[in-house]
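Student: Based on the provided sequences and hints, a complete structural model is requested.
Chain by chain, the residues:
Protein chains: 2
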Amino acid sequence: VTGAVGPLNPTIPGYDFGSPSSAQSPISLEDLANLEQTLGWTGEDEQRLRKHIELFRSQAERMVDTWRAVIAAQPHLWQWFAGPDGKPDDTYKAAVKRRFVQWVVDVATRPHDQAWLNYQEEIGLRHTPEKKNKTDGRHTPAYVPLRYLLAFLPVVTNVQQFFDPAIADPEDRTALERSWTKAVHLHITLWSRPYTREGLF
Amino acid sequence: VTGAVGPLNPTIPGYDFGSPSSAQSPISLEDLANLEQTLGWTGEDEQRLRKHIELFRSQAERMVDTWRAVIAAQPHLWQWFAGPDGKPDDTYKAAVKRRFVQWVVDVATRPHDQAWLNYQEEIGLRHTPEKKNKTDGRHTPAYVPLRYLLAFLPVVTNVQQFFDPAIADPEDRTALERSWTKAVHLHITLWSRPYTREGLF
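Sequences listed follow chains S and G, in order. If you read the first sequence in this note's numbering, its first letter stands for residue -3, the second for the next number, and so on. If you read the second sequence in this note's numbering, its first letter stands for residue -3, the second for the next number, and so on.
None of these hints come from the bench; they were simulated from the model. Careful: at least some of the hints might be erroneous.
Unchecked claim - Chain G stretches covered by chain S per the calculated footprint, using a threshold of three residues with CB under 8 Å from any CB of chain S:
(1) 32 to 40
(2) 79 to 93
(3) 141 to 152
(4) 172 to 179
As the list claims (entries may be wrong) - For lysine to aspartate or glutamate, the following EDC-like pairs were computed, each having C-alpha atoms within a straight-line distance of at most 20 Å:
(5) Lys127/G - Glu194/S
(6) Lys128/S - Glu194/G
(7) Lys127/S - Asp12/G
(8) Lys128/G - Asp12/S
(9) Lys93/S - Asp12/S
Glycine included, each C-beta is placed from N, C-alpha and C at the ideal position.
Tutor: Right, dumping it as structure tokens:
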């Protein structure tokens, strides 16, 4: 299946978007609409991100490399990528990275439909003991603490550096950053569900 | 006790900052330092916020009123402020509002010490069944879903409107917004702890 955003499932191992292997989200489309309204997410945000699809495609790997460098500099962050020997598991890191880069493009392009909702549940689970390491058959720690998922948000939403010089007008850069920020918050909010005590999400 | 930021405990009912009534945080100061580093929080952010203490003091109520208007327009948000009759509990709202306004000033001024850490745990608990309603003796729903705490972040971090015209330079406004954003994310990250399944925070 192909579309304006390219193949539905690029050949990335473990990238189970739209696949029966993906978890099913317990969040309804009505719940999702309420979340979007809470964030202030509108069709304008969706269009603004999609309009810059080529920018995100061209910058996605650079963005991930930049964030990975932040992680690599902090032992309390990179330890979740470490193998049983306490050293970074490069196989794991490489496997996750391809999906991380694809995620950047997906944030900017995927409509918020049931397949997308299901895959956010899947990504959330892959940060918790239920599914971490399973996709790639690795032996890193069993989870990534929720605190670091949330505390990393200001890092991955400070993105204007990646829009320069492609977007010359500072107001346009700010507007795109705000749309990106809302989208990322929506994703991480959904990822937090499997971390949450029964009934409190 | 008084200091540069005014009385330690303003006379706001239920404002238990630095009081023995506050919960104790299970987060260590070392954990906190790791979280701050993750966010990219530095002494520069702290100084930038503190430099604008008078701006935050003068704008705090306006900020809270603006956010409250966003909440009031969305039934899935205001329902957590409703009494058993399904209507907004104005007594509860008024009591919480005074602490919410004080929180804005505190974000900009309080050092991140043990008393501050403890009170963030207390605020988190007050959004969950363990302590919601208890402070004010009201009967609103027993919790605020974590999803809305997180999805509201882009609303409370989009604050440049409150810095205009006091801060004329757009770059200074952006820098102050980024410092505010990091600080708010640190707070909400700490508030998410009581929501989190055992061992995953």
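Student: Evaluate each hint against the coordinates.
Tutor: Comparing the hints with the structure gives:
1. Proximity of the region 32 to 40 of chain G to chain S, defined as three or more residues with a beta carbon under 8 Å from a beta carbon of that chain, is established by the 4 residues found.
2. Given a C-beta distance limit of less than 8 Å, the hint that chain S covers the region 79 to 93 of chain G is violated, as 0 residues qualify and 3 are needed.
3. Proximity of the region 141 to 152 of chain G to chain S, defined as three or more residues with a beta carbon under 8 Å from a beta carbon of that chain, is established by the 10 residues found.
4. Interface restraint, the region 172 to 179 of chain G with chain S: holds (3 residues with C-beta to C-beta distance below 8 Å; minimum three).
5. Of the supplied pair hints, the one linking lysine 127/G and glutamate 194/S holds, its CA atoms being roughly 17 Å apart against a limit of 20 Å.
6. Distance hint between lysine 128/S and glutamate 194/G is fulfilled; the C-alpha atoms sit about 17 Å from each other, no more than 20 Å.
7. Taken as a hint, the lysine 127/S and aspartate 12/G pair is broken in the structure, with Cα atoms around 40 Å apart against an allowance of 20 Å.
8. Proposed proximity of lysine 128/G and aspartate 12/S is contradicted: the alpha carbons are some 39 Å apart, above 20 Å.
9. About 15 Å separates the Cα atoms of lysine 93/S and aspartate 12/S, which keeps this hinted pair within 20 Å; it holds.
Hints 2, 7, 8, counting from the list given before, are not met by this structure.
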